[in-house]
Amino acid sequence: NAGVTQTPKFQVLKTGQSMTLQCAQDMNHEYMSWYRQDPGMGLRLIHYSVGAGITDQGEVPNGYNVSRSTTEDFPLRLLSAAPSQTSVYFCASRTGPLGYTFGSGTRLTVV
Amino acid sequence: DQQVKQNSPSLSVQEGRISILNCDYTNSMFDYFLWYKKYPAEGPTFLISISSIKDKNEDGRFTVFLNKSAKHLSLHIVPSQPGDSAVYFCAASEGSGNTGKLIFGQGTTLQVKP
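Sequence lines, in order, name chains U and H.
If you're matching positions, the first sequence starts at 1 in our numbering and goes up one per residue.
If you're matching positions, the second sequence starts at 1001 in our numbering and goes up one per residue.
Hints listed in this document are in silico derivations from the structure and should not be mistaken for laboratory results.
Be a bit skeptical, because a hint or two may be false.
[What the hints assert, rightly or not] Beta-carbon label-pair distances, calculated as ranges:
hint : chain 1 : residue 1 : chain 2 : residue 2 : range
1    : U       : 17        : H       : 1051      : 18 to 26 angstroms
2    : H       : 1020      : U       : 39        : 36 to 44 angstroms
3    : H       : 1040      : U       : 14        : 47 to 55 angstroms
4    : U       : 86        : H       : 1002      : 41 to 49 angstroms
5    : U       : 17        : H       : 1079      : 48 to 56 angstroms
6    : U       : 104       : H       : 1067      : 46 to 54 angstroms
[As the list claims (entries may be wrong)] Example chain U residues on the side facing chain H (calculated, C-beta under 8 angstroms, incomplete):
hint : residue
7    : 33
8    : 48
9    : 83
[Unchecked claim] Computed list of chain U residues with no C-beta within reach of chain H, every gap over 10 angstroms:
hint : residue
10   : 49
11   : 52
12   : 64
13   : 65
14   : 85
15   : 86
16   : 101
17   : 103
18   : 104
19   : 109
20   : 111
These numbers were taken from a predicted model, which means no experiment stands behind them.
Positions of the beta carbon are idealized from the N, C-alpha and C atoms, including for glycine.
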């Protein structure tokens, strides 16, 4: 039982490049979310999903796409990376009203 | 517009004393509140939660208080221990926590001095 697994842990991108941050959970959780953490801004919700095939926008969705084809996976796509997307990204999952379980994060730098 | 606010970026307390971390919210539809703890280079971990039908919830050294009329919640840690030194985030949700949308505050860095 690995919980929430995020890959990669570190990534450097050039402006304009695209990439996918992977997130997988093995707890059969319905809800999954992506957050970014920036200094002084806390954790801001990018996109979230309440089940396979259902996604919705969070507080800061621009520049990011998501899809939820299976219960286990919730990848986050950066279509054209910008320096403003330099951040630490966290994926989380939960079931019911209990607290989210977070992954260990992906540190992304866009140069 | 920040719907969940933690106005104190940092807090320093002596070991054994009480730590009080505060959080304010603006959205009156929020009815479920949580506190998370985060160490450097790790993901946040769930600490304690409270539903809006309650005004207090305890779990060991941790107690969360909710004042709905003031749209304010606080986390009390008694007694504080050096291992409690971390960043603490409060978070809020609508729909009794079942909407999947959890909004976080900016975080408060707690330092507990031995």
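Verification of the hints:
no.	hint	result
1	17/U with 1051/H: 18 to 26 angstroms	44 angstroms, violated
2	1020/H with 39/U: 36 to 44 angstroms	24 angstroms, violated
3	1040/H with 14/U: 47 to 55 angstroms	27 angstroms, violated
4	86/U with 1002/H: 41 to 49 angstroms	21 angstroms, violated
5	17/U with 1079/H: 48 to 56 angstroms	50 angstroms, holds
6	104/U with 1067/H: 46 to 54 angstroms	34 angstroms, violated
7	33	7 angstroms, holds
8	48	5 angstroms, holds
9	83	22 angstroms, violated
10	49	7 angstroms, violated
11	52	13 angstroms, holds
12	64	16 angstroms, holds
13	65	18 angstroms, holds
14	85	18 angstroms, holds
15	86	17 angstroms, holds
16	101	7 angstroms, violated
17	103	5 angstroms, violated
18	104	5 angstroms, violated
19	109	15 angstroms, holds
20	111	21 angstroms, holds
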